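Colleague: Using the hints provided, position chain B relative to the given structure of chain A.
The listed protein sequences derive, respectively, from chains A and B. Each number in my numbering comes from the position in the first sequence (counting from 1) with 73 added on. Counting from 1, position 2 in the second sequence corresponds to residue -15 in my numbering; the numbering is continuous, with no gaps.
By construction, these hints were calculated from the structure, which means they are not laboratory data. Everything numeric in this text was worked out from a predicted model, so none of it was measured. It cannot be assumed that every hint is accurate.
[To be verified] Below, in silico cross-link-like pairs of lysine-lysine (DSSO-like), each with a Cα-Cα straight-line distance of 30 Å or less: (1) A:K131 with A:K153; (2) A:K131 with B:K83; (3) A:K131 with B:K80.
[To be verified] To be clear about the criterion: a stretch of chain A counts as covered by chain B if any three or more of its residues have a C-beta under 8 Å from a C-beta of chain B, and this derived list gives those stretches: (4) 84 to 93; (5) 99 to 113; (6) 153 to 166.
Backbone N, C-alpha and C define an ideal beta-carbon position, used for all residues, glycine too.
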Amino acid sequence: MTALVVIDRAPYGDWRGREAVDMGFSLAAFDQPVSFLFTGPGVNWLRMGQDATELSQKNLARQLGAAAIFGVEALLVDHKALAAYQLSVDTLSSPAQPVTVSPGLYGQYDHILCL
Amino acid sequence: MPKTTALSFTLIITGAPYVSQAPQTALEFARAVIAAGHRIDRVFLYGDAVHLASTLACAPSDEPQWTQIWSEFLETHRVPAIVCIASALRRGVLDEKEQKRYQRPAHNLEPPFEIAGLGEWVEGTVSSDRTLYFHPTD
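Chain A extracted, bound-state conformation (with noise of 0.2 Å):
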């Protein structure tokens, strides 16, 4: 089973991003092959230098960084929507591929969770 976990809500907003992202990296955790994809203002997860100190919240961008030791395949970033927020890939707090979001995007996974 091939799975992606779609994030497309703000990160710091509420916790479904944060409970996406833990069920991604359960998956990961139990060997099964996933990637997560940012698309909508859920680019903003990848934005470099946050701080939510003030906000009393855990760095959601440190969170994401522990992907890769989980095991997570491959971050993807939807091409558009980091435009329409005016990120670059080069410019991201983890390395992410991007992508244009498409059926034939979503066809190639069994699973596609977005909470």
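Modeller: Chain B alone, transformed into the frame defined by chain A:
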């Protein structure tokens, strides 16, 4: 009428009762699954859906008591129901073991719900023929 192959299902609910329609929709789907001769391997509560497993929820008497209704369905059809431990602890849904571990004054997990980790969800997604999510709408 051609005989259909029986399938196994894992159902994941992420929306809380009385806030979202997710638990009710999942229950109606689960009833339809059983009625059609299929099997439910497990129900997994994640995120805000863990409130469905709180025995302390008290809806007004003219509203459905979703915790009890779900509990009866699970016991009648012997469907295992798992509450994600990380989601549950954050939201104050504890069994006796976690009550003792965290030294809280009470536990409130409605049987037959059980507390376990995300490994149960992974197992379900891998082993069941179908995995369905019931999210809140917003």
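Colleague: Checking each numbered hint in turn, tell me which of them this model violates, lowest number first.
Modeller: Violated hint (a single one): 6; every other hint is consistent with the structure.
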